[in-house]
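Protein chains in written order, with this note's numbering: chain A, 224 to 929; chain B, 139 to 664.
Hint data in this document are derived by calculation from the structure and do not stem from the laboratory. Since the structure is predicted, the reported quantities are computational estimates derived from the model, not experimental observations. Certain hints may be false.
[Claimed, not checked] Listed next, the in silico EDC-like pairs over lysine to aspartate or glutamate satisfying Cα-Cα at most 20 Å (straight line): (1) B:K468 to A:D843; (2) B:K468 to A:D398; (3) A:K393 to B:E532; (4) B:K226 to B:D346; (5) A:K602 to A:E688; (6) A:K393 to B:E611; (7) A:K252 to B:D618; (8) A:K394 to B:E167; (9) B:K614 to A:E392; (10) A:K603 to A:E803; (11) B:K311 to B:D523; (12) B:K311 to A:D857; (13) A:K394 to B:E532; (14) A:K826 to A:D810; (15) A:K252 to B:E532; (16) A:K603 to A:E688; (17) A:K826 to A:D511; (18) B:K468 to A:D830; (19) B:K171 to B:D469; (20) B:K468 to A:E839; (21) A:K805 to A:E676; (22) A:K742 to A:D511; (23) B:K617 to B:D523; (24) B:K612 to A:E392; (25) A:K602 to A:E676; (26) A:K539 to A:D830.
Listed here are the chains, written in short residue letters.
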Amino acid sequence: MSESNLISLAVTILFLPLIGFFIVLLFGKRFKQLYKFEVGIITVALLLSIFTGVVKLTNYFNNIIITQFTWIDLGNVPSIGHLSINLGIMIDNITVIMLFVVTLISTLVHYFSIAYMEGDARFSRYFAYLGIFTFSMLGIVIADNLLMIYIFWELVGLSSYLLIGFWYEKKSASDASMKAFLANRIGDIGMFIGILILFTNYHTFSFQDIFQNIANGVVPFGSNGWLTAAGILVFMGAVGKSAQVPLHIWLPDAMEGPTPVSALIHAATMVAAGVYLVARIFALLTADAMLVIAVVGTVTSIFAATIALTQNDIKKVLAYSTVSQLGYMIMALGVGAYKFAFFHLVTHAFFKGLMFLGSGSVIHSMHHEQDMRQMGGLKKKMPITYITFLIGTLAISGVPLTSGFLSKDGLLAGTWAFADLTGHYLIPIIGFTVALMTAFYMFRLVLMTFHGEPRNQHKFDNAHESPKLMTIPLIILAALSIFIFYTPNPVAPSEGWFFNWIKTPQSVVPEEARFDFMKSDAHKVEGSLNKDVHGSGSENAAITYSEMYEHAMHKVHYPAMIISVIFAVLGILLAFLMYEWKKIDPDKLAEKLKPLYNLSYHKWYIDEIYSFLFVERLLDLSRFISWFDATVVDGIVNYSATLTRGIANITGWFDTYIVDGLVNFTAFISGFVGLSLRKIQTGKVQTYIVYVVFSVIIILLILRPF
Amino acid sequence: MQGFPILTILTFIPIIGMIIVLLLPKSAENNVKYTTLAVTSIQLVLAIVMILNFDYSAAGVFDVNSFQFIEKVRWIQIPDVAFLGTLKIDYFLGVDGLSAPLVLLSTIIFFIATFSSWTIKKSPKGYFAMYLLLNAATMGVFLSLDFFLFFVFWEVMLLPMYFLIGIWGGPRKEYAAIKFFIYTMLGGVFMLITMIGLYFSATEILADGTQAYTFNLLTLMDQSSYLTDGILSPLNPNNWRFMAYIGLFVAFAVKIPMFPFHTWLPDAHVEAPTPISVVLAGVLLKLGTYGILRISFPIFPDITRELMWYIGLFGVINIVYGALAAMAQKDYKKLIAYSSISHMGYVLLGMASLTSTGFNGAIFQMFNHGTITAMLFLIVGIIYDRAHTRGLYEFGGLANQMPIYTGFVTVAFFAAVGLPGLSGWVSEALVFVGAFGVESIRTITMIGMLGILLGAGYMLWTLQRVYLGTVPEKWKQLKDLDGRELTMLIPLTIIVVVLGSFPSFMLDIMTTSVNSLVDFIATTLN
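Kindly produce the complete structure, drawing on both the sequences and the hints.
Next comes the structure, spelled out in structure tokens:
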């Protein structure tokens, strides 16, 4: 396998689902079995991804494989020189990991959906949409440049729109899909401006070329401030897609889509795209930009966790938990815990995908009941769903021996080390608090759904374990939530293979704009972004952090682990006290903390506030503009028309009465004179002779010489 | 292709068609339609032949030698007219990278709108005669390289358009027609004044060695041909170039239409029959922006540079204002009309950047707006034909009632929203890349980006109101698309999708000319 073979493989993986999309969309109505084609094609894509990953990680472990082609050639542009817009594909270690994650979850969701969507009126179109989603997501994963990421970013937005609004007969579904698209667009505008800042300065969209330029000391518009701005603006795209505060509002509503879609798009992959984007641009983030990112992530994680505490819809709890966990990842990137952020992205994709599919299994068997107050006791009826769900819950709570424990613990240690180095202690404090809340609300969900007595006997009686097509994906994902797939040592992720696949990119930001701990110790800098002529680079052991950071990280590793486990246990215990052993009555507690409870239950009234502040005001403005256009602008036009007509009338009057009047007057005068003079026309020769004689005399008198 | 007068045929074959149509008996209704179809098909084939034989490396713009398919004959020549010297006007046609995409666009749109005209009931003979005359005039404007010829075609265009709206239009057709007519006529007056001013400011040397005043656009771009005392000569310190530029700009701005000269457009669209809306939005609006690129910019590069910020500002106003106004509309067709205003703002913004990226984006946006908006008006027409109403709030759930139709609607809407993978996005992105790169208009460019959000807002809202949800009882009998409608929508959809993925097909035609024009504007009179 040469490098170019790997590229061809990646391109094949990319386009397979697109082919599936077109074929199933165009012919799915006629051939009812065509969805199997899409399912087959995605399975092939998964196998190819695994193969690509194995080859990349064994043969080209330290290489970044890049290939580019010209998409638009603008020729010899004045004052710039030859300018072309290139697209390209980049395969590094995190690319192949993501290829695997995306195709695996997508495949499992495909199989799961066969059972879940059975009997739907638009069954085959659903699979077509899954195809275009997978295509778009894979495009983000293998892009080597910001423009291509942006293109596929928007396409992901489209597929998300189509899938959230899949049951568009419901107003709530079409509202939710529109909200998702627009909220994402807000972020995308920022992202696009960020990209434009970089393009304006470097005339390229390619990550490697941009990094190379910055590493050479060329910062946008000659100032580090613009570099910070570019980083934050591109990050805005992630704020939209990864549902960070303040653009998080769309994700909980997105639960209107079919539940397997929520698992695929709104838990595992699309929302992770934002985190992936920040990971891609990590090298150009200045200290200021990173701090902003860390703060946004931290705020998001606690904000969403507080809401998840009180929700009763099983999918809403999972949705807010997703927002909260995405906040974790963003926070981790902001504090520089790059590896743990990406690690958490992967582990979260599996266990959250698992829990969404698990909730889908429950909803399916409860005949589309999503309210947990109607559930209870389901563990007897649905043992496989219960056990796999429990594993997922343990993982998200950070209980040892799970994958979540490894990534979450490292991530929290990262925030602590960061706080030790910079003094921002609020970040780890919130981080740990969120861990406690997470364990609590996730176990609240499990206990309300699976434990206790059935609260709706009728629905309970009809409940049943889901078919194999649904349970096998659950089992696979549950297995992947166990530590052993990542590291042999359940308390030290850094000793595992997975962790070593991820390389922290070397910061290219000028030294003065970095955090102190990211400034290079001269002797530690080994690898760099040396890009050779063939367009391939190396990700060989890039050192981003000083020894100071390694030291701080090492120091807090075990304390962080112990505290996070204690917090997890506390949270679980609290959930059991309230919902299993009934020692504390949740309703009374809610009554006691009424204002806080309301705030949480109503999602901090954010939707209402946005609706009032932005949506209504925008509609007012648009109505005003429309009125202005019809009344003022067009009014002036019509008024000038009236005015012109008025002037024309005056002119017409003038013409009729004055100009024509003068003519007529002249005629009248002539007539009058004619009438008067008629009297002297007697017809008698004698009279005429008298006239002539008198006339001659008068003329002679006038002309007489003096 | 040597010696084959392809451009003349492109321009005048509709006139021949018109004569045939007028000679046909009143009863031969179908022959009238087929004649028109034959004419527009031949034009389309000729335009494709022209593009296939097009030399991508020839710049054109201001250099007569690199224009292609040139045809030049003396049209009018009167020697020794009193103090004016030799009076002469040329019949001078040619294409370069600026006009070639628009010629292709016109032939496509006129071809497709012919199918849309098939259902015209009221005196089809007159309708198709006017339609063909409009076609000829439009083609003439895109191909003329002589200002007088350009002006003649420009004014000829008014007449058929006036009747097409005024006779075959909706309830307020007279109002809309006269509004359109007067607006454009007013612009035409400004153009005429500038044209005469230019005529007396520059001379060219004729074959017999004598000097003569000239309407030749390429000569007018050449600064060495100006007289020292010409009223619009840059050599004259007391020249009137600034005023002339504004006048000419207004003439073109009316056509775009640019805020605040835009109010004729929603009225014209709402009243015009579907095919005429398609032609109006698809082709005629581009005449304004094309005129600015072809005439205003290269003849007045100094004033263009001076005013670029204002041009950009008006572009941004168009984008945001048009989008906001669209959002409040209750009439489907009016909404699309305002969205058209918004989308033409991108063209202005791209042109204001005076960069290659921006110009490429602007011309490509003209082409894309032509195809996408044509689709949108066809879509409105299809629903209006069936339901005889265009109220946005009267529909719902058409996705289930007319699934194939809704499929095309989705493609067209997302193309208008600027979704990557469809052609509209590429041109919008190029416009923004170009405009953002220029420091002076960077801030307003960012404001213009609001258009991306607002555009998505009103389009998706419309999609929801008309197509999603459940079908009201009264629309349960609506039929999905028939063959004729598919014939119109499928080619446009293919163009939109293919150019979205492979924009080079179109961009490569224009890049050489664009680079040359940008360089010309930057360096001339500097």
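Could you tell me which of the numbered hints above are not met by this structure, giving the numbers in increasing order? Going through the list in order, the structure violates hints 8, 15, 17, 18 and 19 and respects the others.
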